[in-house]
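Colleague: Model the full assembly from the supplied sequences, consistent with the hints where possible.
Going line by line, the protein sequences match chains E and V.
Going by the numbering used here, 229 is the number at position 229 of the first sequence; the sequence numbering is gapless.
Going by the numbering used here, 16 is the number at position 16 of the second sequence; the sequence numbering is gapless.
Keep in mind that the hints were calculated from the coordinates and are not lab data.
Each statement offered as a hint is correct.
Reference listing, derived: stretches of chain V covered by chain E, where coverage requires no fewer than 3 residues with Cβ under 8 Å from a Cβ of chain E:
#1 83 to 94
#2 121 to 130
These stretches of chain V come out as covered by chain E in the derived footprint (C-beta under 8 Å, 3 or more residues):
#3 20 to 32
#4 47 to 55
#5 98 to 112
#6 191 to 200
Every residue gets a Cβ at the ideal spot worked out from N, C-alpha and C, and that includes glycine.
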Amino acid sequence: MSAALDAQLRWLHAAITGASPPPEPEAAAWLERDGAADASARLHVYRHAYVARLADVLVVDHPKLAAVHPDLRALTADYLRAFPPTHPSVREVGAHLARFLADRGAPAHLIELAALERARVEAFDGGADVTPLDREAVAALAPEDFPALPLRFVPSHRLVALTTRADELWDAIERAAPHPAPAAATRAVLVWRRAVTVVHRTLDDDEATLAPALAAGTTFGDICALLATAPQPAERALALLLRWLDAAVLVSRPAD
Amino acid sequence: MRGPVDGVDWFEVITENLMVDGGNPRRVAREVRAHHPVVLHGVGLSIGSTDPLDARYLDRLAALCDELEPALVSDHLCWTTLGGHNTHDLLPMPYTEAALAHVAARVAAVQERLGRRILLENPSTYAVYRGAELTEAAFLAELATRADCGLLLDVNNVYVSCTNHGWDARAYLASLPAARVGYLHLAGHSHGETLLIDTHDAPVIEEVWALYAEAVRRFPDAATCLERDDDIPALDVLVAELSRARAVAAEHAA
Numbered sequence: 001m002s003a004a005l006d007a008q009l010r011w012l013h014a015a016i017t018g019a020s021p022p023p024e025p026e027a028a029a030w031l032e033r034d035g036a037a038d039a040s041a042r043l044h045v046y047r048h049a050y051v052a053r054l055a056d057v058l059v060v061d062h063p064k065l066a067a068v069h070p071d072l073r074a075l076t077a078d079y080l081r082a083f084p085p086t087h088p089s090v091r092e093v094g095a096h097l098a099r100f101l102a103d104r105g106a107p108a109h110l111i112e113l114a115a116l117e118r119a120r121v122e123a124f125d126g127g128a129d130v131t132p133l134d135r136e137a138v139a140a141l142a143p144e145d146f147p148a149l150p151l152r153f154v155p156s157h158r159l160v161a162l163t164t165r166a167d168e169l170w171d172a173i174e175r176a177a178p179h180p181a182p183a184a185a186t187r188a189v190l191v192w193r194r195a196v197t198v199v200h201r202t203l204d205d206d207e208a209t210l211a212p213a214l215a216a217g218t219t220f221g222d223i224c225a226l227l228a229t230a231p232q233p234a235e236r237a238l239a240l241l242l243r244w245l246d247a248a249v250l251v252s253r254p255a256d
Numbered sequence: 001m002r003g004p005v006d007g008v009d010w011f012e013v014i015t016e017n018l019m020v021d022g023g024n025p026r027r028v029a030r031e032v033r034a035h036h037p038v039v040l041h042g043v044g045l046s047i048g049s050t051d052p053l054d055a056r057y058l059d060r061l062a063a064l065c066d067e068l069e070p071a072l073v074s075d076h077l078c079w080t081t082l083g084g085h086n087t088h089d090l091l092p093m094p095y096t097e098a099a100l101a102h103v104a105a106r107v108a109a110v111q112e113r114l115g116r117r118i119l120l121e122n123p124s125t126y127a128v129y130r131g132a133e134l135t136e137a138a139f140l141a142e143l144a145t146r147a148d149c150g151l152l153l154d155v156n157n158v159y160v161s162c163t164n165h166g167w168d169a170r171a172y173l174a175s176l177p178a179a180r181v182g183y184l185h186l187a188g189h190s191h192g193e194t195l196l197i198d199t200h201d202a203p204v205i206e207e208v209w210a211l212y213a214e215a216v217r218r219f220p221d222a223a224t225c226l227e228r229d230d231d232i233p234a235l236d237v238l239v240a241e242l243s244r245a246r247a248v249a250a251e252h253a254a
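Modeller: Right, here's the structure in full:
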């Protein structure tokens, strides 16, 4: 590889992604200029496009956050310097946004809103397409086969742990309803792809305790055992199973 | 989409959007492929970078080729990644002998990995490095010969780059080897403060239609793809624009 070529590319890369543009004499030492535009104006097209394009990506991928965080677009340049994209797909550009906001001391409900929206991006096309387990398949089982029935969340699922009411904020923005006041609340949100549509639901407290097992792969018998201290464990286990089947969020696949 | 799309012969799909495990992008691509030929068009190969070629990217590209059996596989004469940092922009190459040798070797390696010829597109450019030893068109022509690759000629990009740099667009077309031009792009652009910007968000302008007529005279065997990435109108509007391309090609192709 030519050292001169490498130097040219490295200069342009730094000139485009740096916090400040190089002065015109420096730009003109590397780039041609003419009557139509000087070297700085030509470089500006690339500097502007780099941030503007990826700001669009952040806003499109985090529409609810953008609705309540009007500075999101203005933060993009700093975000890209803190977490430069490394993946060929723009899908991954926002992967560290929640962490970036946390590092800058953003309010917890906005950090968690970013995390929830990131999980929805990942569920959109992450995880293989599968045929979910349904009531018909379960109804065909013999009663003695129920305890060993393998259960696992579909591959597209994501679990988001919240310490605020960010889920309620998401819903309020979606419905154009008044926003809930930021407040502490411990809860878990399950995000998954149902057919081609991304959905999410805040889990009941006992359901949230089962979620790690269902993420890793478990059996219906183990689910029943984990619910042993519930007031009516068998009824509760069955109710949850039917809820998950109707939500198309399970596959019958054992743990790896 | 349910069944073939009337008025459209084939589709171009963005490669990187399909480098995912599942979901709607892959479902739509499969449905399109069931009824039409497709071309895989990448924006992330980064063929001109001085970073090593991304083996994982090539693995996924090869898997997509196996799955979709595209008629053609294309990307851009540009670089996007340096030091592992992906700018997600099609950044210009220096038009030097050193860069030509570098890109030609990498194209050959990619073609060896994929087991097929690829095509490289002329990008819209807004800056040219000092010390150029070849014109952009001469660079592309020599690259196609040395690397035994094809060319994807974006007529709008020729217009944008030639306007931005004061080049002669018809001389540009005349410099390209006809046998290497596999297909053409048509698109719209916008006006920046001082330069034309390739935005793919508008109809093709009359000056580009005129240049397209020249292109189909020179490259009569090349198919045409109408590109629109943003502000996408109703399908019948795009099909009408495509019909104009067909009419121009019928009138001007030898």
